[in-house]
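Undergrad: Here is what each chain is made of, one letter per residue.
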Amino acid sequence: MRLLTHNMLSCNIKGVTNGFPLRLEVEKFVEKEVDFSAEFLRNIFPKIEWKALVDAARSMGYAELPDEADSSMLDSDDFLKKFHHALLELHLEEGALICPETGRRFPVNKGIPNMLLHEDEV
Amino acid sequence: MSSRPELQAPPEIFYDDAEARKYTSSSRIIEIQSKLSERALELLALPDDGVPRLLLDIGCGSGLSGETLSENGHRWIGLDISQSMLNIALEREVEGDLMLSDMGQGLGFRPGVIDGAISISAVQWLCNADKSSHNPRLRLKAFFGSLYRCLARGARAVLQVYPENLAQRELILGFAMRAGFAGGVVVDYPHSSKSRKEYLVLTCGPPSLSTALPSGKGEDGETCSDDDSGDEDNQTVCISDRHRPRKKLKTTKKVKGREWVIKKKEQMRRKGNMVPPDTKYTARKRKARF
Ligand SMILES: C[S@@+](CC[C@H](N)C(=O)[O-])C[C@H]1O[C@@H](n2cnc3c(N)ncnc32)[C@H](O)[C@@H]1O
Numbered sequence: 001m002r003l004l005t006h007n008m009l010s011c012n013i014k015g016v017t018n019g020f021p022l023r024l025e026v027e028k029f030v031e032k033e034v035d036f037s038a039e040f041l042r043n044i045f046p047k048i049e050w051k052a053l054v055d056a057a058r059s060m061g062y063a064e065l066p067d068e069a070d071s072s073m074l075d076s077d078d079f080l081k082k083f084h085h086a087l088l089e090l091h092l093e094e095g096a097l098i099c100p101e102t103g104r105r106f107p108v109n110k111g112i113p114n115m116l117l118h119e120d121e122v
Numbered sequence: 001m002s003s004r005p006e007l008q009a010p011p012e013i014f015y016d017d018a019e020a021r022k023y024t025s026s027s028r029i030i031e032i033q034s035k036l037s038e039r040a041l042e043l044l045a046l047p048d049d050g051v052p053r054l055l056l057d058i059g060c061g062s063g064l065s066g067e068t069l070s071e072n073g074h075r076w077i078g079l080d081i082s083q084s085m086l087n088i089a090l091e092r093e094v095e096g097d098l099m100l101s102d103m104g105q106g107l108g109f110r111p112g113v114i115d116g117a118i119s120i121s122a123v124q125w126l127c128n129a130d131k132s133s134h135n136p137r138l139r140l141k142a143f144f145g146s147l148y149r150c151l152a153r154g155a156r157a158v159l160q161v162y163p164e165n166l167a168q169r170e171l172i173l174g175f176a177m178r179a180g181f182a183g184g185v186v187v188d189y190p191h192s193s194k195s196r197k198e199y200l201v202l203t204c205g206p207p208s209l210s211t212a213l214p215s216g217k218g219e220d221g222e223t224c225s226d227d228d229s230g231d232e233d234n235q236t237v238c239i240s241d242r243h244r245p246r247k248k249l250k251t252t253k254k255v256k257g258r259e260w261v262i263k264k265k266e267q268m269r270r271k272g273n274m275v276p277p278d279t280k281y282t283a284r285k286r287k288a289r290f
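So the sequences go chain by chain: A and B.
Under UniProt numbering, think of the first position of the first sequence as 1, with each following residue one higher.
Under UniProt numbering, think of the first position of the second sequence as 1, with each following residue one higher.
Next up, chain A with everything else stripped away, as it sits in the complex (with noise of 0.2 Å):
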């Protein structure tokens, strides 16, 4: 899992009214390259949560993002070539995700984080 897909998960469990962002417990993560798009990117900027990208990042060890970004810095080849390596190549491969809000934890294996909720949570 991408954490570019990390950004877009919210935990909806029922009643949970701020399920993102889902915290990550890294047990591995791999690195896969991928083609890198601008447009995809400048795209996509606006929707990021950045601070939220920025801790994900550095909890697979990656701190080459800056705390804050704003959309000038969309003109910089160095930061989207920063931005691309984190949205899209850095993938969690074996850990869970933390609803901030309950503490239910959403396993992932394989790359694949499990979501379905038990029937008390929908």
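No lab work stands behind these hints, which were simulated from the structure alone.
Glycine included, each C-beta is placed from N, C-alpha and C at the ideal position.
One or more of the hints may lead you astray.
[As the list claims (entries may be wrong)] On the chain A side, residues computed to face chain B include the following (Cβ under 7 Å):
(1) R2
(2) T5
(3) V16
(4) S37
(5) F40
(6) I112
(7) L116
(8) H118
[What the hints assert, rightly or not] A few chain B residues facing chain A, derived, Cβ under 8 Å:
(9) P52
(10) L86
(11) R110
(12) G154
Go by the hints and put chain B with the ligand onto chain A.
TA: Leaving out everything else, chain B with the ligand in the frame of chain A:
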């Protein structure tokens, strides 16, 4: 036993390891699913600017539908309730991210972040109550409500479905409309029992020009009764959409056929007018556009 998988077992049981492998090794299924996905992507009508988008593939299975999205340069997140199907997707090294998730429990995404969604041959599963705790109406409501919320305003969702009957189609469409979507059902090849395919084309946000429903592919028996050549140009409209004014349908019915044109030309010739000869191009059908 029924030929509908939906009536045999819940999806996570029906699509077990054996079925997931069988499904994904059939060249016939691969071809059908990729055609359906191509068409769904076309109906999504993303801006033609070459920008890769972030899309959802709902009920992504082993990734056959998602692959079409990758081939067209988009990034996608696929979710499915069957671990066996997702395992095959991993094995095939699909490019999208995968999630084990039940769409009937609602999609857990932040509001407004997704550029578009497709779902190929999956949503009709929601009409079944596979567990005592399942209420199809509540599950459809949770699904469409959460889908509406996570899509960007103006974004589309195109869901290719196999409803069991008219009531199921109305049920699915009804919950989509109640969630706030505009749109309706596009039917391709409505007169062929084999090729007939239905797509719910849904737009997020208030009705506007961009929410006008595109046309279906395939012959419309009523307008082509005098032309049985069955060539590929016979792409006419057949849609069922409550929001579209009747007038549109009537205008297509009034189109004169080849016979009528040839008769008129003959009449003009008899009057001594210069009239171009009749060829295979005379009064031929034009490609439908949208
Ligand atoms: C016919 S397959 C289609 C798979 C893929 N879209 C394709 O085109 O090959 C239907 C898929 O829908 C999935 N499905 C059924 N009910 C679901 C649900 N409630 N939530 C998520 N996926 C579901 C099944 O597990 C199965 O993989």
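Undergrad: Against this structure, judge whether each hint is valid.
TA: For each hint, the structure was consulted:
1. R2: Nearest chain B Cβ about 5 Å off; hint holds.
2. T5: Result: holds, 4 Å to nearest chain B Cβ.
3. V16: violated (10 Å)
4. S37: Check passed: Cβ of S37 (chain A) comes within 5 Å of chain B, closer than 7 Å.
5. F40: At about 4 Å, which falls below the 7 Å cut-off, the nearest Cβ of chain B leaves the hint on F40 (chain A) intact, so it holds.
6. I112: Since the shortest Cβ distance to chain B is 5 Å, the answer is holds.
7. L116: This interface hint holds because 6 Å falls under the 7 Å limit.
8. H118: Hint on H118 (chain A): violated, closest Cβ of chain B at ~10 Å, above 7 Å.
9. P52: Holds - the Cβ of P52 (chain B) comes within 8 Å of chain A, reaching about 4 Å at its closest.
10. L86: holds (6 Å)
11. R110: Where the cut-off is 8 Å and the nearest Cβ of chain A is about 5 Å from R110 (chain B), the hint holds.
12. G154: Check failed: Cβ of G154 (chain B) comes no nearer than 14 Å to chain A, outside 8 Å.
Comparing the model with each numbered hint stated earlier shows that hints 3, 8, 12 do not hold.
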